[in-house]
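Asker: One letter stands for each residue in the lines below.
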Amino acid sequence: MTTRRNRDPKELAPVTDWGFHENVLRSPNVRTVYSWGPPGFGKTWAAYHVGLRGPLFALTLTEDTPAAELRGHYLPVGTGMEWRDGPAILALRLGARLVINELTHGSPDVLSLLHPLLENPDTARLTLPTGETVQPARGFQLIATDNLPPEELPPALRDRFDCILEVREPHPAALAMLDERLRGAAMRSFTLEPDRRISLRGWLSVQRLSREFGLKVACQAVFGPARGAQIHDGLILGEAQN
Amino acid sequence: MSTPRNVPGHHKPFPELVEPMPDPRPYWIIDTVGKPWLPTNGMTSLAERKLLVPLVAGARSVARHELAHVKWSPKELPRVDFDLRYLMAVEDARLNLGLAWIDLAVLLTAEERAHVARLARQDLAERDLLAFVLRAIAAQGTNAEEAVLRELGREPQAVRDLAYGHVRRIRIELLRARRERRAPVASFETGLALAEELSRRLEPELERLGFARSLPFPLQLAGAGCCLGHGGSGGHGLARGRKGSKAGTGASGEPSEKDLSGELRIVVAPLVHATPAPRGGQRGRGRAVSEGSLPRYLHRWPLDRAIFRRAACVRGGAVLIDTSGSMSLDAAGIDQILFASSGAALIAIYSGQDKAGELRIVARDGRRADAKDLVPFARGNIVDEPALAWLARQSGPRLWISDGGVTGIGDTVSALVNARCMEIVAQGRIRRVKTVAEAAGFLARRGRHAGVA
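Protein chains in written order, with this note's numbering: chain E, 49 to 290; chain U, 2 to 454.
One chain only, chain E, in its complex shape:
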């Protein structure tokens, strides 16, 4: 959840309270979370690591991902067919955390399957083609991540999330991986409009490559010749004394 109210435009105070985010992800009372924000800010990292109590299942949706890939399907074994649970059913059975990346890319097929998984514990259940009905075991969590706001989700799906977390800044631990030289510039680049925004991933790549090639070549390698040159000019001029 963000706190952007009454901000002095002159200051660059954090707009994402990561402490709050982590508390939400760690809470045993939070079962379903929709975490969204620009790419490269650590949504997936937090979903995989923060407050993880048991097994973790993760998958990334595409338009072609069938619901059967989440739920499970029959497989021919020998002369017969055998049912194989998908990650969603396994997570339900084991009380595990299920992380679904790029939720809005999912087909209606997949999004409909998620409805029963996102229900309250009293009503969440899914009857498989085998006839078995699976209910979520204690500890089951579903965390969905995406770049798009919740308004992009179908209303029925959106309504089923316990919490909606907006991430507008990278995780402080991830930011701390940047050296002093790049950190200040990186902080300024997160608030830019989408076509000029630079993700933390990009800055980390520059840092890694600049040790071998120098800053100028690293910028060009990571961002391309034209954009890299502009970013390099900005960095050098930004460092210069006033």
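I should point out that these hints are in silico values taken from the structure, not numbers from a laboratory.
All figures in this text were calculated on a predicted structure; none of them were measured in a lab.
Treat the hints with care, as some may be off.
[As the list claims (entries may be wrong)] Sample of chain E residues with no beta-carbon within 12 angstroms of chain U, all distances over it, derived:
hint	residue
1	Val-72
2	Leu-142
3	Pro-164
4	Pro-220
[Claimed, not checked] In silico DSBU-like links for lysine-lysine, alpha-carbon gap of 35 angstroms or less:
hint	chain 1	residue 1	chain 2	residue 2
5	U	Lys-356	U	Lys-51
6	U	Lys-373	U	Lys-435
7	U	Lys-435	U	Lys-356
8	E	Lys-264	U	Lys-51
9	U	Lys-356	U	Lys-76
10	E	Lys-264	U	Lys-76
C-beta: ideal position from N, C-alpha, C; glycine also.
Let chain E serve as the given structure and place chain U on it in line with the hints.
Answerer: This is chain U only, laid out in the frame that chain E set:
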């Protein structure tokens, strides 16, 4: 050999990384390419947080110089009791020398240097020594300074001494002040004092040699700064040719305002609604078949053995709708187009007013905007040309829903704008249709429609 691809977004500078104090409000980066009415091809407004630079390859020097304004110039120039252009020239020299000191020198291309030299030659030919001196001062710290000063070669000794003397003095003073500060640039106050002294000393000397004491055109035509005059488009702070005339095609062959298109701003409306599924199916999805190479639906094996996926035919396309005047679009119209294109069409509306317009993306990737976001920006055209250029960059088929009338700045009809638009339409393989229904029909039939264009 193929032409290199130019993506304007790749050439956008990052003034936010440069400004002394962080500010979460991003700068508005405006492309100056194809806008000869601007006083110069590089300008900065620190107060309004606008940066105007050419977003093309080879214009990096312009962006560098403007970034230096963001870094080292004050938010507003002070009120002075001498011609502000003295200060602008000295300020440019101060910044260019600072950029050279940190290895980001303003390096003009050979063509740009030739352009600056031509302007300097013209200054001397018109006996405008003041403009020449200011231009030579502004060129300090760039690779154009030699080209400018070389033009003095044929001038009498007295003229050469005057010009060299002032240019050298400003340069030495700026470098000395920088050394004393132990910083890349001299302070702005030093530049201000130098500009004032320059105006005080230069004007009587010019008069003594029989030259004009002041610049021959008023200050408001001089633009916001960057007096060097790099870049070949249009006039500039110390460039010649405008002579106070803002409209009408002059002897120089410059197009008038009505022959130019307005500034286009591209925005994306919140795409809050999902597309209705076309013909009961689902957008862009394949269907299960019993033959193929990669099994995707193994759960169907015991049912019908249709475990393979065959890609669905997604029609796609881009539709640009002129919403000026009587043309309009409602939510049902968008749905009609999306339905016909299997939900894959990109739909944008555009209109304009005065010197600017807006292109608003109202449907993309199977989602569309709310009806409240379909209200046109304004009632005029103005930006047909840049909007069509945008459409030409999208993947086909490309449809333009319009009555075919195009206008430029001021919403006036212009043969030149019309010719340029028709060229974009031809080169971009854009098909013009008159109504939403025709566009939907074309997308549904995938090109078998006989449009009007």
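Asker: For each hint given before, does the structure comply? Return the numbers of the non-compliant ones in rising order.
Answerer: none
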